[in-house]
Amino acid sequence: MTAIGQSDRRFAPKHRGSGMERSLKIWGIIFLSPWIIGFFAFTFLPMVASLLFSFTDFNLLRPNDVQFIGWANYNRLFSDPQVAAASGATLRYALVALPVAIFAPIGMAALLNSHNLVLRRVYTTLFYMPYMVPVVSAVFIWQGFLNPQSGWLNQFLASIGITGPDWINSVDWIYPALVLISLWATGNAMLPTLAGMQGVPTELYEAAKVDGANAWVRFRRITFPMISPVIFYNLILTVIGLFRYFDIPYILGRGQGNPGGATNLYNVYIYRNAFTYQDMGYASTLAWVLFVVAMIVTLILFVSARFWVYYGGERN
Amino acid sequence: MAATAIPAKTTVVQHTSPVLSQYVRKFLVKASFTLFASILLLVFLSPFGYMVATGLKNQQQISNGFLLPMSPIEYEYNGARYPLYNVPDNETGAIHQWALVTRGREESTFIDPANPEAGEIVWQGRWRTLDPVIRFDPQWGNFIEVWQGLNFPRVFLNTLVVAVFGMIGTLVSSIAVAYGFARFPIPGKNILFMILISTIVLPTFVTLVPTYTFFARIGWTGTWLPLIVPHFFANAYNVFLLRQFFMKIPREQDEAAMVDGATPLQILVRVIVPQALPVIIAVSINHFVFAWNDYFNPLIYLLGSPELWPISVAVQQYNYAFGTKPYLVQATSLLALALPVVIFFFAQKAYMRGVVITGVDK
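Sequence order for the protein chains is A and B. If you're matching positions, the first sequence starts at 1 in our numbering and goes up one per residue. If you're matching positions, the second sequence starts at 1001 in our numbering and goes up one per residue.
The set of hints was computed from the structure by calculation and includes no laboratory data. Computed from a prediction, not measured in an experiment: that's the story for all the values here. Take the hints with a grain of salt, since some may be wrong.
Stated by the list, open to error - Which bits of chain A does chain B cover? Going by a derived footprint, with three or more residues having C-beta under 8 Å, they are: (1) 74-87; (2) 113-119; (3) 163-177; (4) 200-213; (5) 255-261; (6) 297-309.
Claimed, not checked - Below, a sample of chain B positions facing chain A; criterion: calculated Cβ distance under 10 Å: (7) Q1022; (8) F1233; (9) D1294; (10) F1296.
Stated by the list, open to error - Pair ranges (Cβ atoms, derived): (11) B:I1144 x A:Q67: 36 to 46 Å; (12) A:F219 x B:N1151: 47 to 57 Å; (13) A:F68 x B:G1049: 51 to 61 Å; (14) A:M295 x B:P1187: 50 to 60 Å; (15) A:Y277 x B:I1249: 43 to 53 Å.
We treat Cβ as the ideally placed atom computed from N, Cα and C, and that holds for glycine.
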């Protein structure tokens, strides 16, 4: 967060005139203009528009007949059993996925940061690599890998005497299956975590060793506080990812919510309303409610950061 | 005090052995730790193995129980083909490779390919307990089939057009915006930067419906434009990454160029960009891979135009249609991931540094 504050106060040396300053200001605004225009065109105005849409019955099947219907979409949302089901499914998935998304990168980074590992760079590259696999490929690879008959995972489980579940077609096992797929993207959160661990001064560990701290205490009292900003960053990205989670459950559930509505997550439901039923008014309502929830959650996380994220002295 | 002499001697021995045992211990710790990491890595990457192996199989090879694409070796006898088995001789125990002609519960008849004139041999035992004689038999034809089925050259070209034009757009705009944020005294700059960064947190759908409606209204759905044009208006991640890098370039160089009469645009092109090439490469790869992988936007804007599909949607649609042929599904998955993974291995240093800068500085 410090990076935002450390901007230039003085570009031009003091002896230069205010004409220079003004011309630089104009140049600066010219350079920013692509983003400013883009922000209005693709973020701000669409947000305002979708807020307006949410109070209408705008449907693309009859685009010229749009009525303001007040809070009707919101009333519908709060009594829509599909919204309750989709929110419940999303929450259940999030409860399985979030802890894994936080701890897997830490574990992987700790492994790759160990001095006992030979060829650390090679291992880091290979553990990162699955992140590069396109989401479409990843879904189909895992779908086959988790197949109860021909998939390798259940074949392996069978060889040690365990009957594996029918991952993709079971309401109970689909969320673990989704988590397994998302595990392949762990590398992207692992890299900054690893860099954070490598940045911890070794004197801290040596001093702790002299004081008789064991490995767990050293991790808990030194590593964790020192890398807490990265963990916070990963947490924020994970939560944002959950609020955007769509591709994998959509492809895996064939857009139908298979099995038994378990992949009919909140975003899949918005997509169905917008692009299957073309009901843009209700889809906007669903999107805005999600946006408000996302903002509240993000805000809570940023407030909580004060209590557990450590920004070291030299960083400020 | 003879005892004192012995300890004096043993200390010499003890002095060398702990060093040696420490060395051995260190080596053992490293070896076992690395072995542990290798097993984890093997498990982590095993779906790749499944994909490659299955992509090279046919339907029989998928159900025959071998991990790799294996086929039984057959022997032709009297116009029919019979599979070879490793048959232990009832008397000597020696293993013969015989072809199974008639199957029975307790005894079966075989033919010896080395000596077919001897006729059928009756063997006592259950043929189901025998190991078949197999050979490695990959089905390279699968890849030809999906290459043609997907119309891969067409799909590849579509993806390339979308990725390259979007890359140009995001590079030009993000470099300009990052330069603006890094170097110029703009009023309210910090607030603007905060707004820029906070756009990362927005859920996709909150802006999507009006954007889609707008693109539909101006007739851009069913074209590549919605996948390319928005990238000409900068992207928060790229701006952040480039700005971090630009701020580390010493200002004295800009000022020297300015004294020589260079305009800010000339400074950007001649001073900043040449020094920021590593991060510019990282941003380029990042966008290329993003565009290659992007499934959501093509799904929304191009679903009705199969001739424009990039690889993501083309592979998904193909695999939905051929879901009953797992070998084709895995072969297309391999085709779709080959290029991003190869690019990653060639440019991993620049790419991974970009990920680290974004994660650690923020």
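Evaluated hints:
| no. | hint | in the structure |
| --- | --- | --- |
| 1 | 74-87 | violated (count 0) |
| 2 | 113-119 | holds (count 5) |
| 3 | 163-177 | violated (count 0) |
| 4 | 200-213 | violated (count 0) |
| 5 | 255-261 | violated (count 0) |
| 6 | 297-309 | violated (count 1) |
| 7 | Q1022 | 14 Å, violated |
| 8 | F1233 | 2 Å, holds |
| 9 | D1294 | 9 Å, holds |
| 10 | F1296 | 6 Å, holds |
| 11 | B:I1144 x A:Q67: 36 to 46 Å | 56 Å, violated |
| 12 | A:F219 x B:N1151: 47 to 57 Å | 53 Å, holds |
| 13 | A:F68 x B:G1049: 51 to 61 Å | 58 Å, holds |
| 14 | A:M295 x B:P1187: 50 to 60 Å | 27 Å, violated |
| 15 | A:Y277 x B:I1249: 43 to 53 Å | 52 Å, holds |
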